[in-house]
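Chain order of the listed sequences is A and B. Numbering-wise (our numbering), the first sequence opens with residue 1 and increments by one. Numbering-wise (our numbering), the second sequence opens with residue 1001 and increments by one.
There's no promise every hint is true.
Below 30 Å or equal to it, Euclidean Cα-Cα: the simulated BS3-like pairs (lysine-lysine) are [claimed, not checked]: (1) A/Lys396 with B/Lys1404; (2) B/Lys1109 with B/Lys1089; (3) A/Lys193 with A/Lys373; (4) A/Lys324 with B/Lys1040; (5) B/Lys1222 with A/Lys428; (6) B/Lys1109 with B/Lys1342; (7) B/Lys1110 with B/Lys1081; (8) A/Lys310 with B/Lys1404; (9) B/Lys1166 with A/Lys324; (10) A/Lys367 with A/Lys98; (11) B/Lys1109 with B/Lys1081; (12) A/Lys337 with B/Lys1089; (13) A/Lys310 with B/Lys1407; (14) B/Lys1398 with A/Lys337; (15) B/Lys1407 with A/Lys428; (16) B/Lys1081 with B/Lys1189; (17) B/Lys1345 with B/Lys1166.
Derived list of chain B stretches under chain A, where covered just means 3 residues or more per stretch with a C-beta under 8 Å from a C-beta of chain A [as the list claims (entries may be wrong)]: (18) 1188-1201; (19) 1264-1277; (20) 1306-1313; (21) 1394-1402.
Treat the hints as calculated values from the structure; they're not laboratory data. All values reported here derive from a predicted model rather than from experimental measurement. From the three backbone atoms N, C-alpha and C, an ideal C-beta is built for every residue, glycine too.
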Amino acid sequence: MQNVINEQDGAFSRRDFIKASAAVSIGTLGMTSRVFAAGSDTIRVGFIGCGGQGTSNAIDCLKSSDGVELVAMADIFQDRVDHSMARMLKAGVGDRVKVNNDRIFLGFDAYKKVLALPDVDIVLLTTPPGFRADQLAAAIEAGKHVFMEKPVAVDPVGIRSIIDSAAKAEKKGLSIVAGTQQRRMPQYIEVIKRVHDGQIGRIVAGQCYWNWGEQNWHFHKRQAQWSDMEWQIRCWPYFTWLSGDHICEQHVHNLDVINWAVGSHPVQCLAVGGRQVRTGPQYGNIYDHFGVEYEYPEGVRVLSMCSQIKGTTERVCEEVVGTKGSTYTTRGVGYIKGENAYKYEGPRVRATQQQHADLIKSVRDGKPINEAKRVAESTMTAIMGRISAYTGRALKWDWVMQASKLDLRPPEYKLGDLPVQPVAMPGKTPLV
Amino acid sequence: MAKCVSNKSSRRDFIKASAAASLGVLAFQSDRIFAAGSDKIRVGLVGCGGRGTGAATNCVESSQNVEIVAMGDLFRDQLDKSLARLSRKVDDKVSVTDDTSFTGFDAYKKVLACDIDMVILATPPHFRPIQLRAAIEAGKHVFMEKPVGVDPVGIRSVIESAELAKQKGLAIVAGTQRRHQNDYLEIMKRVHNGDIGEPKAGQCYWNQGDLWVSRATENWKKKQALGWSDMEWQIRNWLFLAWLSGDHIVEQHVHNLDVINWAMGSHPVQCLGLGGRQVRTEPQYGNIFDHFTVEYEYPNGARVLSICRQIPGCTNSVSERVIGTKGQCYTHGSTGYIEGSKPYKYDGKSPDPYVQEHADLIASIRSGNVLNEGRRVAESTLTAIMGRMSAYTGRALKWDWVMKASKLDLRPPSYEFGDLPMRPVAVPGKTPLV
């Protein structure tokens, strides 16, 4: 492949560095920063899940910091890898893409092959969310630092796995950064800092929305040669076992902000939802709208709405209401109304790059960042809302977190038959 | 028993005197006319279904010297069933004869032509605006069931009729019985006194299982077996047709929305709704949704979450909550309390509010200081209608636009038994905003 640049020498010495780093990180952590001091050493990235969002992340990662190279890629499908490679070259990061043909892995176990490469420092986990939990566990087991896209799971079993992996990563001194980029946008940081400082008083309520007119997001018409499994994976947003439904796949951003502002995950929820417009079988089994009430500690209730319906009013933002004022945040805007009015007017940050820069710096400095538990809780917030809407049942956080046995993984991972799970029917769909 | 056309002059004179007086020296006149329950209140019932019959029973039980004297319904069988039920329960307060019972689409006009002081309007909500107008024009006091319309055109008519009633000194009480319920009254008084501080948010719910399942199934069979016309099927199955019931957000949830408007002291200024028909999808269930979520925004920026659902096997709740800067109130049918800096729990008597609303109405008629809830219940109904329209179209809506500019008018081309294709189930993003 002409777009593959030969791997540089030095892998061997890097292995030694990594081992030293891993060993040291358990003990005298500060010393590890020597290894990656001042960008003097190259960070090598393995890329698992080469779709659109994954490729955006790879580009952001490579642009975010000096001395970063992409050295391996994994996907189920060759065409996704090719497309991703072409995009990266077009984006002007070709000089940092150093992926030999023998470092391109295909298939369901491709991620294991990337993780087995000893010179890979960081992996990008950007496959559909249904794969995240198992891949994170393997990545931490393999001693890799991780960037992973949100959401990080689709069911409570997956969330518990993420939280286990987070604890293991902490013990191993590994960083995990999650793609909830609002956490790195200064308008969010400044507004929520003021909420935590009490500038809107005691929080009494909130609202958040991802109401969107895009009805065919990442839709792929089924091709005759595709097996059930291939169709579902290529059209993954429309299958709950892969995306978690759009409340999980998209709205998790807004719920993460609410959890951040309130300083807690919710304690219970009640939801309604359905599939009113996007009803054809080509759209898999997800809903097109949800309405959820989340109750937080001390009786704070938050309204959540999300929809993906063409021709409807769009609204993507968060609001937190306190006794002395309220917040409004969305991408690009953050302000407080009330006694302590405030508007962020500082510079913008490319948060999608910043998250990679932070991750790489943490690796170089030997000061791990670990966002996995936090993003697992935000993802669980969304999952809980979905389960409540699907079953029609009010749900308690503790039950979902500790007792729910919902595990959406298919019987086996191979390109073959896989009947589509029926669309959920509140009152009939069992609570598992 | 008096016929409708006879024995009316003296009573009509009373009413007229009362109406005339109400424009001027009201208290003086009315005391004379209905002093101490000395004169009988004669009531006509329009709409003899379950709730109509219940309201008539509540009405005659509520006060001394009240009598049902005329009845009207579209269907003879409904009227007969209702009369039998009334006769069993409150026989001594029912004086309805063949001459004072009417059927057909214009039955209400005939009831209004009878020698009655007051009429109970309890047909499906669709008919309310037309029948209220006729009742007020005929000079009758009115008890009307909620909701009081199904579309903005109907709501504007109800507001006009309420205005006309005010001019004529006629009472209008609506079947939003929480307004006549002691615990609600005491809690709302405290909310308005500032006991929970400034309202900042709220929630209200009408989440219940299914209803009218066997009736819908039976009606669907009868439609085929007996050859019912579209119109007959739809009216007998009215709960499930949006043009007749307004959908369940209007038909039921209006109660909770009315309480929120009451607490907030205003109708909302805008809303955004979502909803669908996820479980109850069979054709016998007409064209209504089975769930809605709506966010209502009030003038001070407070947002209220509304959820309503009619799906069996789900978590149920019918209640309202308002959160203020100093506390919150929670009301739940027959119980309610305030938490916060000024906690309160009502522990006084709780008379049946379905009876109390009639007692209050009749007392107001007798005192001459008439109640007129027409505008208030029209606004609460429009709150629900606005939520439905938003969910049906997928569009955020402003109150002022819905109240003043929307041309939505769900009336059929004509009121007669015949063909009436069912409107399609709403599809957000496609269903036009009218």
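We went through each hint and held it up to the structure:
Simply put, A/Lys396 and B/Lys1404 have alpha-carbon atoms about 43 Å apart, too far for the 30 Å limit, and the pair is violated. Distance restraint check for B/Lys1109 and B/Lys1089: the Cα-Cα separation of roughly 27 Å lies within the 30 Å cut-off, and the hinted pair is therefore satisfied. Between A/Lys193 and A/Lys373 the CA atoms are separated by roughly 20 Å; this keeps the pair inside 30 Å, and the hint holds. Restraint check for A/Lys324 and B/Lys1040: not satisfied, since their Cα atoms lie roughly 56 Å apart, outside the 30 Å limit.
Taking the CA atoms of B/Lys1222 and A/Lys428, the gap is about 28 Å. The hint holds against a cut of 30 Å. In summary, the hint linking B/Lys1109 to B/Lys1342 is not supported, as the alpha carbons are separated by about 51 Å, beyond the 30 Å threshold. Straight-line distance between C-alpha atoms of B/Lys1110 and B/Lys1081 comes to about 20 Å, which keeps the hinted pair within the 30 Å bound. For the hint linking A/Lys310 to B/Lys1404, the alpha-carbon distance of about 27 Å falls within 30 Å, and the restraint holds.
This hinted pair does not check out: B/Lys1166 and A/Lys324 have alpha carbons roughly 41 Å apart, beyond 30 Å. The straight-line distance between the Cα atoms of A/Lys367 and A/Lys98 is roughly 27 Å, inside the 30 Å bound, and the hint therefore holds. Restraint check: the Cα-Cα separation between B/Lys1109 and B/Lys1081 comes to about 21 Å, which is no more than 30 Å; the hinted pair holds. A C-alpha spacing of about 59 Å is found between A/Lys337 and B/Lys1089, which places the hinted pair above 30 Å, so the restraint is violated.
Only pairs whose Cα atoms come within 30 Å are accepted, and A/Lys310 paired with B/Lys1407 is accepted, the gap being roughly 24 Å. For the suggested pair B/Lys1398 and A/Lys337, the alpha carbons sit about 22 Å apart, so the restraint of at most 30 Å is met. The suggested pairing of B/Lys1407 with A/Lys428 is violated, with an alpha-carbon distance near 39 Å, which exceeds 30 Å. Distance check on the hinted pair: B/Lys1081 and B/Lys1189 sit about 41 Å apart at the alpha-carbon level, beyond 30 Å; violated.
Of the supplied pair hints, the one linking B/Lys1345 and B/Lys1166 is violated, its CA atoms being roughly 36 Å apart against a limit of 30 Å. For the segment 1188-1201 of chain B, the proposed coverage by chain A is satisfied: 3 residues have a C-beta within less than 8 Å of a C-beta in that chain, meeting the threshold of three. Coverage of the segment 1264-1277 of chain B by chain A holds [criterion: at least 3 residues with CB-CB distance below 8 Å; count 5]. Here the segment 1306-1313 of chain B counts 5 residues with a CB under 8 Å from a CB of chain A, which clears the bar of 3, and the coverage holds.
Coverage of the segment 1394-1402 of chain B by chain A holds in this model, with 3 residues showing a Cβ closer than 8 Å to a Cβ of that chain against a need of three.
Of the hints listed earlier, those the structure fails to meet are numbers 1, 4, 6, 9, 12, 15, 16, 17, in rising order.
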